[in-house]
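Colleague: Using the sequences and the hints, build the whole thing.
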Amino acid sequence: MPTLQAMIDEDGYQLSRTDCGLPSMTSSCQAGIMFGDNFDIPAYRWYDKDKQKLYVSASDATELNARYAHGHGLMRGGSSIMNMLNGDAEKSMFTMANMFEADAAENRRRAQDVTLLMLDPNFLMRELALFFVELGRELWEAWQQKRKDVRPRLNRMEHWYPFVRAAMCSLMRDISAN
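Residue 136 in our numbering sits at position 136 of the sequence shown, with consecutive numbering throughout.
One thing to keep in mind: the hints can contain errors.
Here are the in silico distance ranges between beta carbons for each label pair [stated by the list, open to error]:
#1 Arg156 to Asp103: 30 to 40 Å
#2 Ala105 to Asp9: 44 to 54 Å
#3 His72 to Gln145: 45 to 55 Å
#4 Ala66 to Val114: 17 to 27 Å
Keep in mind that the hints were calculated from the coordinates and are not lab data. Virtual Cβ for every residue (Gly too), placed ideally from N, Cα, C.
Modeller: Right under this line is the structure:
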């Protein structure tokens with residue numbers, strides 16, 4: 001890994017052991033990284049006996065975020081794009097903790113951000129091409145699975161999965177990078 005070696009030799013970086021703790025899954029890791037605290041997130045899904053509530057990290061992201069957000073998060077003053085927790089970010093887009101909690105003005109701003117990306121002809125053409133490549137790839141794989149009689153086999157057309165996969169593997173990936 002020449003890039004890593006150059007960072008160590010030339011820039012003074014050091015390798016050190018890191019214990020991500022258990023469990024090492026999205027909500028726990030993001031809470032630890034963004035807020036410096038991941039206490040009391042035992043799993044992706046768990047039952048809190050005191051509150052008599054089943055927690056699921058994705059659908060309860062707003063509540064989990066509120067538990068740790070005290071204005072000192074890693075993302076404060078910045079942006080959170082496609083995360084589960086926002087790390088006290090000022091702006092967020094496609095972040096589970098803020099996805100459904102925004103007011104009309106915030107939703108308008110998010111729509112404007114996506115619109116600006118889509119108005120870039122290079123970005124738009126790239127996304128259309130990548131979308132159709134991914135769509136074709138999924139349909140090809142579904143046909144191959146059926147042709148080879150691979151079992152167990154799921155209905156890959158259920159919930160428009162090829163289109164969802166194409167969007168996630170192209171558009172959503174590139175939105176998070178831009």
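Colleague: Give a verdict on every hint.
Modeller: Hint by hint, here is what the structure shows:
{"no.": "1", "hint": "Arg156 to Asp103: 30 to 40 Å", "in the structure": "holds (38 Å)"}
{"no.": "2", "hint": "Ala105 to Asp9: 44 to 54 Å", "in the structure": "holds (49 Å)"}
{"no.": "3", "hint": "His72 to Gln145: 45 to 55 Å", "in the structure": "holds (49 Å)"}
{"no.": "4", "hint": "Ala66 to Val114: 17 to 27 Å", "in the structure": "holds (26 Å)"}
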